[in-house]
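Peer 1: Each chain, written out:
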Amino acid sequence: MNALLKTLRTAPLSARIGMALIAAYAVVALLAPLLAPYPEAAIVGAKYLPWSAEHWLGTDMLGRDVLSRMIYGARNTVGIALLTTLLAFALGAGTGLLAATLGGWFETTSSRLVDVLMAVPSLIFALLILTIAGTSVVALVLVIAVLDSTRVFRLSRAVAQGILTMDYIEVARMRGEGLGWIIRREVLPNASAPLIAEFGLRFCFVFLFISALSFLGLGLQPPTADWGSMVRESAKLIAFANFSSWQAATFGLAPLLPAGAIALLTVAVNLVVDWVLHLSSGLKE
Amino acid sequence: MTRLLDIRGLRIEAQSREGRTEIVKGVDLSLNRGEILGLIGESGAGKSTLGLAAMGHVKPGCRITGGSIRFDGLELAGADARLLRQVQGRRIAYVAQSSAAAFNPAWRLIAQYCEGPVQHRLMPRAQAEAEAVSLYREMRLPDPERIGARYPHQVSGGQLQRAMTAMSMSCHPELLIFDEPTTALDVTTQIEVLAAIREVVRRHDAAAIYITHDLAVVAQMADRIKVLLKGREVEEAPTREMLAAPREDYTRSLWAVRNFQPAPRDEPAAPEPILSIVGVSASYGTHPVLRDVSISVPRGRTVAVVGESGSGKSTTARVVMGLLPPTAGQVVFDGQVLDPLSRNRPRTLQRRLQMIHQMADTALNPRHRVREILGRPLEFFLGLRGRKKEDRIRDLLDQIELEPDRFIDRLPGELSGGQKQRLCIARALAAEPELIICDEVTSALDQLVAEGILRLLDRLQREMGLSYLFITHDLATVRSIADEVVVMQNGAVVEQGPKAQMFQPPHHPYTEKLLSSVPEMDPDWLTRLLGQRQMQEKGAA
Amino acid sequence: MILKLVLRRFAIGALTLLVVSALIFWAVELLPGDIASEVLGQSATPETLAAFRERNGLTDPAMLRYLHWLGGALTGDFGLSLANQRPIAELIGQRVANTFFLAGYAAVIAVPLAIGLGLLAALYRGSALDRFISTSTLAVISFPEFFVAYILILLFSAWLGWFPSLATVSPGMGLGARLYATFLPALTMVLIVMAHMMRMTRAAIVNLLALPYIEMAQLKGLRRWRVIAVHALPNAVAPIFTVVALNLAYLIVGVVLVEVVFVYPGLGQLLVDSVAKRDMTVVQAACLIFAATYIVLNLLADVLGIVSNPRLLHPR
Chain A
1 MNALLKTLRT APLSARIGMA LIAAYAVVAL LAPLLAPYPE AAIVGAKYLP WSAEHWLGTD
61 MLGRDVLSRM IYGARNTVGI ALLTTLLAFA LGAGTGLLAA TLGGWFETTS SRLVDVLMAV
121 PSLIFALLIL TIAGTSVVAL VLVIAVLDST RVFRLSRAVA QGILTMDYIE VARMRGEGLG
181 WIIRREVLPN ASAPLIAEFG LRFCFVFLFI SALSFLGLGL QPPTADWGSM VRESAKLIAF
241 ANFSSWQAAT FGLAPLLPAG AIALLTVAVN LVVDWVLHLS SGLKE
Chain B
286 MTRLLDIRGL RIEAQSREGR TEIVKGVDLS LNRGEILGLI GESGAGKSTL GLAAMGHVKP
346 GCRITGGSIR FDGLELAGAD ARLLRQVQGR RIAYVAQSSA AAFNPAWRLI AQYCEGPVQH
406 RLMPRAQAEA EAVSLYREMR LPDPERIGAR YPHQVSGGQL QRAMTAMSMS CHPELLIFDE
466 PTTALDVTTQ IEVLAAIREV VRRHDAAAIY ITHDLAVVAQ MADRIKVLLK GREVEEAPTR
526 EMLAAPREDY TRSLWAVRNF QPAPRDEPAA PEPILSIVGV SASYGTHPVL RDVSISVPRG
586 RTVAVVGESG SGKSTTARVV MGLLPPTAGQ VVFDGQVLDP LSRNRPRTLQ RRLQMIHQMA
646 DTALNPRHRV REILGRPLEF FLGLRGRKKE DRIRDLLDQI ELEPDRFIDR LPGELSGGQK
706 QRLCIARALA AEPELIICDE VTSALDQLVA EGILRLLDRL QREMGLSYLF ITHDLATVRS
766 IADEVVVMQN GAVVEQGPKA QMFQPPHHPY TEKLLSSVPE MDPDWLTRLL GQRQMQEKGA
826 A
Chain C
827 MILKLVLRRF AIGALTLLVV SALIFWAVEL LPGDIASEVL GQSATPETLA AFRERNGLTD
887 PAMLRYLHWL GGALTGDFGL SLANQRPIAE LIGQRVANTF FLAGYAAVIA VPLAIGLGLL
947 AALYRGSALD RFISTSTLAV ISFPEFFVAY ILILLFSAWL GWFPSLATVS PGMGLGARLY
1007 ATFLPALTMV LIVMAHMMRM TRAAIVNLLA LPYIEMAQLK GLRRWRVIAV HALPNAVAPI
1067 FTVVALNLAY LIVGVVLVEV VFVYPGLGQL LVDSVAKRDM TVVQAACLIF AATYIVLNLL
1127 ADVLGIVSNP RLLHPR
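Protein chains in written order, with this note's numbering: chain A, 1 to 285; chain B, 286 to 826; chain C, 827 to 1142.
For the record, the hints were derived by calculation from the structure and aren't laboratory data. We put the CB at the ideal spot given by N, CA and C, even for glycine. Treat the hints loosely; a few may be bogus.
Some chain C residues close to chain A (C-beta under 10 Å, calculated; not the full set) [said to hold, decoys possible]:
#1 Leu843
#2 Leu856
#3 Ala975
#4 Leu980
#5 Leu1001
#6 Ala1075
#7 Ser1100
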């Protein structure tokens, strides 16, 4: 714990900004019901109200408060992305480490399977499966987790393979150590930095992916507030934006706000990931 | 003679993550035309940095912070790119340690040869090609007319190193920098390259700086020797003078390594073997690497296995340890036939047979502390826990001469190369083994450190009656530590017997070649050897 | 040797395509219930169901239907759309052309620009240009495609009014008009794909410049441009080709979102609409085309990598 704090203190400005932003998102997501001025799906005013003291970010095409939906959106979008990433990671890193350590038929079969899944772009695959399974949250999470776990598998297998060529693994094997010890005590401590960085990158990818599907109308379904769907719902407003008054101009921002919220979080995560990668490359020296 | 190169008070700094460190701390160096200066020192002495600086070049991340580098009246320290281009390659040429990495894989050898003279507008391409062929011939490359048409990966290491020396001569430079040009080569190959380099440098009357960590090599090549230690000069003297009477203790200690002799021990009549390798053959895939190898290790003795790269000596160790199952033959340990695979061997057998790797760096998990590295085998093999385990860890650290209180909580990254190797020895000892396989355990270390490791191994053998199977390519090490010697070549045993017998003629022809190729401290050794070989060839013809 | 490797890679590519086509086909078979009742709904009579099955060849065994579908796909015949019973080939023909036009448009701008800037960033490492490129790259990589698209629309369409926000194209349109109409979607894709491409090009070159033979070339007293052009570039060809092919593959996928934003009549738009309508046969056809393009581009990257490796080109 102390070591962790010490490392955090050496973080460069960019990583600090990233961490602060992530913390802010986390607070908003956790405290959404306390922070939001109106309920998530309630119609609280006229349609398409411009920004005002009452509705800071105006209202949407049904008359729901945009600010409230943005706040709830943090909870829904980020929460589901996090859940999916965790699932993808457990699946991908587990099988990846196991495949590298065990070798043999397990490695061959799992690698071939991953090769096939990765031969097709994830979006295309996801669209195919969602056509069949329908667009429920469970299907969404499962499909994306499985597709994304392929990349985690590739990385964790490659990292583990690099570590497994080290003589200290040979020493452990000659000693007669079991599989559990080798993965847990010899491989994992050395693989942690690249895996943490990969977790950040995967989260970004999953987050953007879910948002993209929602934007296409195939992700989270209404009335759940979700940033991707909000972009989709307000997209046509951009054409009505005129720059005669600042309130009219805010129509142009309607799709950009949720899209920007998505972009800002991914930038923040990437800033932290860059730093972690930098740290882990330093360890190799 | 005129001064060709004059370096005064040179300081070079390297920028690293931890900040700046000075790696050359005010060194003077001067060189006359046609003179060869040997630069010698251990790793981290700054000799390569100094060699490159002599051409006005510093590695990325380094910078010259003080002093001057005057080459034939031109100041190279801080010189602009235009001036450096006129000097580098054309008047000062560089020969790198790894020719395989220093040749561009995309171009033929001769194209890379011609690039310098043609780009510097010294001669037309046709003339450059003709000169290349004659230099290839001088360097005694096979098929000099056609070897230039090959790509770098198509010729052997020794040939490539000679092709690079030829390339460095392409602009008829006045000064050549040789940066450990033979370090990566086997001894028998090294001789050919050394002879070719020396001849070509003398014939073209060039000056040279010859960088190496091997005193015996530098004795053959240099007129004068400069000894460096941690970025500072220790002493400088003409070669013969320095060899006869080194002034500084450090220089003398470099000599001493070669003289290490284990304490004499009483000779019980032929002890029974603890390990017998019987008719073992092995292959990687379909490629055979061992052919009918039989070696036996008597209890309490050291058997040294020597051979050049590709001789199968490390593969033999892997077979014994059960990492590579043999295709034929068996390994017998203390009367029991060992299972071909390590994982099928009972734990007691695994305990009694330990191995120490060449690279201590990769043999220690960088995330485990010393306590865990030594504690795990104690727990695993002997079932020690708690207080008892802790005490034993401290005993082991004492045994390898590392102070327990200072070292027990360190990570491998916080140890020096020699300390890491000692830790590996302690880890092997923790299992209370009877036989330890030492796979090139000293070859990645500086000579002084290596000597310390040899002394330690010798002491442990005396105290605990250990047996060693000692794998090495270095005959000096064999001479000092072995009781019996096995010579391997191309996956087979060429000759074996007690040390005294092996170092006395008559030898098997390969053993003869191997023995005679080891450079000796005598500056006339190479000349004499080449003379002898020429005589033999004449006699044979 | 090299021929063997290339042929092997082609064989693997063909096999992958076969497996993926099977996956696309059989995934639909996993659907609970059957397609006919799915499409015609609860109100369908047994007779209409039977007629529908007959017309769409659903009565045959699955294996036979797969072979039939695959054979048809190879000759450009993807069967009938479930939603409106029109031949799929007719639906997608023009759209495939539109999609490839847009992707090609973006690629022609993005590839030379990205490689050029990536090279510059690698050569002048640590310079202002390099820092600008790596910062902007980080930003663009983190942005969702639609974010970039809407910023461009807001800027160039809503505010400046230079380009249309909807990329409307019709078959008879001239090239100039077409390029103008599709400028914003193309620019969006250029921005998205360039960031990756620059980053990867830079990394490939930086790795290369750290190699001993590059230092050796400098120590020969060669001019900087010669070190780069003669010593670095021939060895950089393979990694750069890989970068380009991978990014073109990425482009093909990115096109789906961009088409939706700009309401561009391409294959991606059709795919998304068909997913919403659950028009299986059209989804299958579109997925197969996207997947095949992606696989072929990856194949190309690998083959170019093999062919430009001197060690393989000139065996011992």
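Peer 1: It remains to establish, for every hint, whether it holds in the given structure.
Peer 2: We went through each hint and held it up to the structure:
1. About 8 Å separates the beta-carbon of Leu843 of chain C from the nearest beta-carbon of chain A, less than 10 Å, and the hint is met.
2. At a threshold of 10 Å, the smallest CB-CB gap from Leu856 of chain C to chain A is about 7 Å, leaving the interface hint in force.
3. For Ala975 of chain C, the interface hint holds, since its Cβ comes within 10 Å of a Cβ in chain A; the closest pair sits about 9 Å apart.
4. Residue-level restraint check for Leu980 of chain C holds (minimum Cβ-Cβ distance to chain A is 5 Å; threshold 10 Å).
5. Contact between Leu1001 of chain C and chain A, as hinted, is not supported at the beta carbon level, the nearest pair being about 26 Å apart and thus beyond 10 Å.
6. Hint on Ala1075 of chain C holds. Least Cβ distance to chain A is approximately 7 Å, under the 10 Å limit.
7. Interface hint at Ser1100 of chain C: satisfied, since its Cβ lies 8 Å from the closest Cβ of chain A, which is below the 10 Å cut-off.
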